[in-house]
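A.B. asks: Chains as they are written, first to last, in this note's numbering: chain A, 617 to 920; chain B, 617 to 920; chain C, 617 to 920; chain D, 617 to 920.
Keep in mind that the hints were calculated from the coordinates and are not lab data.
Any given hint might turn out to be false.
Stated by the list, open to error - Derived lysine to aspartate or glutamate pairs resembling DMTMM-like cross-links, with alpha carbons at most 25 Å apart:
1) A:837 / A:807
2) B:876 / C:887
3) C:876 / B:887
4) D:837 / B:807
5) D:837 / B:801
Unchecked claim - Stretch by stretch, here's where chain D covers chain A in the computed footprint (C-beta under 8 Å, at least three residues):
6) 619 to 633
7) 656 to 668
8) 761 to 773
9) 817 to 825
10) 852 to 860
11) 885 to 892
By construction, the Cβ of each residue, glycine as well, lies at the ideal position given by its N, Cα and C atoms.
Protein chains: 4
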Amino acid sequence: MPLAMNREVFITCAVTGSGGTQDRSPHVPRSPAQIAESAIAAAKAGAAVVHCHVRDAETGKPARDPALYREVTERIRDSATDVVLNLTAGMGGDLLFDGTENMNRMSARSDMAGAAERVAHVVECRPEICTLDCGTMNFAEADYVMVNTPGMLRDMAARMVASGVRIEIEAFDTGHLWFARQLAEEGIIPDPVLVQLCMGVPWGAPDDLNTFMAMVNNVPKHWHWSAFALGRHQMPYVAASVLAGGNVRVGLEDNLWLDKGVLATNAQLVERAVTVISNMGARVLTPAEVRAKLKLEKRAPVAK
Amino acid sequence: MPLAMNREVFITCAVTGSGGTQDRSPHVPRSPAQIAESAIAAAKAGAAVVHCHVRDAETGKPARDPALYREVTERIRDSATDVVLNLTAGMGGDLLFDGTENMNRMSARSDMAGAAERVAHVVECRPEICTLDCGTMNFAEADYVMVNTPGMLRDMAARMVASGVRIEIEAFDTGHLWFARQLAEEGIIPDPVLVQLCMGVPWGAPDDLNTFMAMVNNVPKHWHWSAFALGRHQMPYVAASVLAGGNVRVGLEDNLWLDKGVLATNAQLVERAVTVISNMGARVLTPAEVRAKLKLEKRAPVAK
Amino acid sequence: MPLAMNREVFITCAVTGSGGTQDRSPHVPRSPAQIAESAIAAAKAGAAVVHCHVRDAETGKPARDPALYREVTERIRDSATDVVLNLTAGMGGDLLFDGTENMNRMSARSDMAGAAERVAHVVECRPEICTLDCGTMNFAEADYVMVNTPGMLRDMAARMVASGVRIEIEAFDTGHLWFARQLAEEGIIPDPVLVQLCMGVPWGAPDDLNTFMAMVNNVPKHWHWSAFALGRHQMPYVAASVLAGGNVRVGLEDNLWLDKGVLATNAQLVERAVTVISNMGARVLTPAEVRAKLKLEKRAPVAK
Amino acid sequence: MPLAMNREVFITCAVTGSGGTQDRSPHVPRSPAQIAESAIAAAKAGAAVVHCHVRDAETGKPARDPALYREVTERIRDSATDVVLNLTAGMGGDLLFDGTENMNRMSARSDMAGAAERVAHVVECRPEICTLDCGTMNFAEADYVMVNTPGMLRDMAARMVASGVRIEIEAFDTGHLWFARQLAEEGIIPDPVLVQLCMGVPWGAPDDLNTFMAMVNNVPKHWHWSAFALGRHQMPYVAASVLAGGNVRVGLEDNLWLDKGVLATNAQLVERAVTVISNMGARVLTPAEVRAKLKLEKRAPVAK
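Looking at chain A on its own, in the form it has when it is part of the complex (with noise of 0.2 Å):
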């Protein structure tokens, strides 16, 4: 009944994505070292979670191939600064079709991979959180739907549990938080289970605070959740998640701006995030804080 505000929060950044951003911006990291360097410096600047998608280091359009997501976790591993891995397992899921009258055949743009293959890298490289995209969607401007089916989750979630990963739930919308209290009550996702509410994706749940709050109404207790809005309410989300109870994430994947005609780096956002959280009264958490809270196993940097 007072305000439930979080006191102690994480720092979530989302260093790269697989936006066709690439080319808008420089400071959005290709090859497995930038991408590492980027998530390395934004560790610094205060994040606690670096939240990794790969790219082609020459085009920078998005990829999956296990050796690039090995290569950034064995960079970020053997650098000196302590942060929580954190991988996609976005990728493989991006259903296209040609026009609106050959609906019957994928279009050959089309990116949709087994549940095998899509946890391929988690099982290799095993981070300490990978992502997994709670439900199906048009995602995004681009005509191009997000598949993950029921059936397909549970694959994977198993998977990611079986290989001691914790799992990072996205929920785009209030359906896809929905499945994700049933995949944690059929016992699939253990606790501690942790959620990220997706806000203002087209066309998933929009970031206006009405429907927020909704959402954040139907996070069990005793779960922990982050939440994150695009562009231009980035920043305000960061205030909007602490107030709401929650953790918060930044990051090039979601925003390349830092003001109004200004590129940002990755460390610059995480560091305006650790300003509106001090600047609220709350206190931003260390990567092993954040092992302690969501019972994470530290890996170790890859004998050489």
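On the provided structure of chain A, position chains B, C and D as indicated by the hints.
C.D. replies: Using the frame of chain A, we list chains B, C and D on its own:
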């Protein structure tokens, strides 16, 4: 700020749907004759609008043959009973997969049609209203994806409008409502806009009141809207929708039961909705009043 | 996350109140005999609880003479009709002023009693339940202040508990509910806690659904609660409260009308509430079931 | 539907208030000179509006002598610092009782003034804005009633408007906001209407986000509004109000602390609010911009 209740409510009866319910109740109509008969009985019981799917007359399995829609349309128009006809355009977007490893091809059990084919019966029958499922999602317990991409929705909507048919947007989650607003802003869906809030359909928006109110708060003030929930929440949602300012939908598409252990007919469900609405102090609108409100053009019976 | 509807609902009939309604409807009972008779008729119609004020038998003006409460109590207990008796303790906190310049003295029209006097009839009659108006506010259109200070509420509550009477907290705004939580946390109001959300009473909480849900969301999960609204929103709020998980209150205290132009009796209002509740799929509880739920002790009729 | 954030925010600094805080922090200003000095420092730090009470210069106890208000007003107007002056009109409605048995007389500790006396300093000083506490309630931990009856509020508002002073409505609970709408509908409070949502003041509206959003949803779209919360929720509510579309209030009236164990000055609290607002991506408005927005008339310094 005072309760924004709707005192003039219209009832839509969703007569048969396309769920696998035909063997679970003898009252689920199958043939065009049965569907028309059940729709007419619902209209006599107080439904101003009947929302019809068609089925294989023998097996009861969902169908989308325009000839079936035509027969339903003609039987209803030829009857002495005045009612607004609302035909589904929801069929032909069913995507299934075989397991979780063969994701790069559609299952043969899929039913994926192009835009022209999906609205062929609408163009031909010219119902006063037809539905437009305003998004893509994992649908219900079965592992199937309801596919309606933004491009498909724009294409279908344009064809519906060109045929002089009023669109009823079906919003299964907050993101679908967001896209509906986008379509209205683009001018693709003209005023007066009509939206159905479809609550509690897995894995769309759950039917708790917080989520419902978040959706209601996001319906533009000048739109017309209705809402329903499934199963045993059907009749409670008659009350919920009226309270929140909306219209109501009942019928065997969404719920088979009148009481515990008592299978319902469409007419019985409509009668019960009339009882709830009128005892709450609201009035049930006639088909003529709905036509005035939604600017519908009454169709003449088929010339013989 | 699914609709948290109440499927087992008890009805309270607020039989007469203390508003200036006695000359606006012949059905507003005045004398103890009339009040008891109307309460018994309401119980026969389905009310498990009757909430009674007393009035001057001749003029119908509000009264608080313990002898009047005693007669009502005895008449109800002596009747063959089982019902839970709930007496108001809301009288004796009416503060008025003469104009806006003489604020340093109370108007002679005020009725301000001490704690002992305000609960004398409760101590004497020992109803199963009595009410506690949990705050101070400008009350209704008349320029009068309903005064219940924190100190007064603590004092009255302690006396009620000492008499073995269950307290029904009346919360007219969000701050009253907050203070009720405070009283429960202090141990002054014991479990099981019962609260009535009083919606739409000027100038307390308005009865729009957003405000109502904010209050419902702040009722602790293990409390029992009910809600009502005034006038033409009385019957809609029967539905609203059941939908949101609560119990209901109807009766002439809050609303005089059955339909436009048709004055109601208490029994008719209860009958209509029963119709709404049962057609929504919920069951109406008996007095015995309410006693089990609220841990009430049935009082014996008066020995003769 | 997208986040309805306010990108152009004005800050009000509530400089001293009338709470018993003067002995808890050396920074709480007492004399008119101190109050003006602290207000001016707050303005220099970024507050466009300063909201001032007055106190006894020696004891620091709350006062309402017009001469004190006049001195504060003149000192601020005579300074070189541009700022909008907002004087309280909240004094003179303090009702106390001696115990819980002597309710038929006011305690001598009460301070109950008539309408003319309550606004005398407003009429005399003509600040650009003055406050109107829009209801009656148990106020804070002390057992005192803040009395503002509907009749008193209509009378005071009329006098404020007649003096050419913009009213800032203080709404401490949902019912106060309801009555404010009533005053606006009656034409007693003219456009542009300005309201302050006062959250978390016992025993008014608690400051959880659900209650806050219910209030925000009930502010008419064309009104201007601000919000604050007490104590350690002061800075979080800077973010909350901006997120929800409002302006902000900070200052020693509501909170004494900058950080745990560190007592704040008004200027420091304003500086921190500026940091939160600007790092969220909004801009802080100047006094001139606030005058344009609220149609305020800048007062000339006193002729000498």
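A.B. asks: Hint by hint, note whether the structure agrees.
C.D. replies: Taking the hints in turn, this is what the structure says about them:
Our distance criterion of 25 Å between C-alpha atoms is met by residue 837 of chain A and residue 807 of chain A, whose separation comes to about 12 Å. Distance restraint check for residue 876 of chain B and residue 887 of chain C: the Cα-Cα separation of roughly 22 Å lies within the 25 Å cut-off, and the hinted pair is therefore satisfied. With a C-alpha separation of about 22 Å, the suggested pair residue 876 of chain C and residue 887 of chain B falls inside the 25 Å cut-off, and the hint holds. For the hint pairing residue 837 of chain D with residue 807 of chain B, the CA-to-CA distance comes to about 23 Å; that is within 25 Å, so the pair holds.
Restraint check for residue 837 of chain D and residue 801 of chain B: the C-alpha separation of about 20 Å stays at or below 25 Å, so the hint holds. Against chain D, the region 619 to 633 of chain A contributes 3 residues with a C-beta closer than 8 Å to a partner C-beta. That satisfies the three-residue criterion, and the hint holds. By the rule of at least three residues with a Cβ nearer than 8 Å to a Cβ of chain D, the coverage given for the region 656 to 668 of chain A is violated, with 0 such residues. For the region 761 to 773 of chain A, the proposed coverage by chain D is not satisfied: 0 residues have a C-beta within less than 8 Å of a C-beta in that chain, short of the threshold of three.
For the region 817 to 825 of chain A, the proposed coverage by chain D is satisfied: 4 residues have a C-beta within less than 8 Å of a C-beta in that chain, meeting the threshold of three. Counting residues of the region 852 to 860 of chain A whose C-beta sits closer than 8 Å to any C-beta of chain D gives 8, which meets the bar of three, so the coverage hint holds. Coverage of the region 885 to 892 of chain A by chain D holds [criterion: at least 3 residues with CB-CB distance below 8 Å; count 3].
Of the numbered hints stated above, those contradicted by the structure are hints 7, 8, listed in ascending order.
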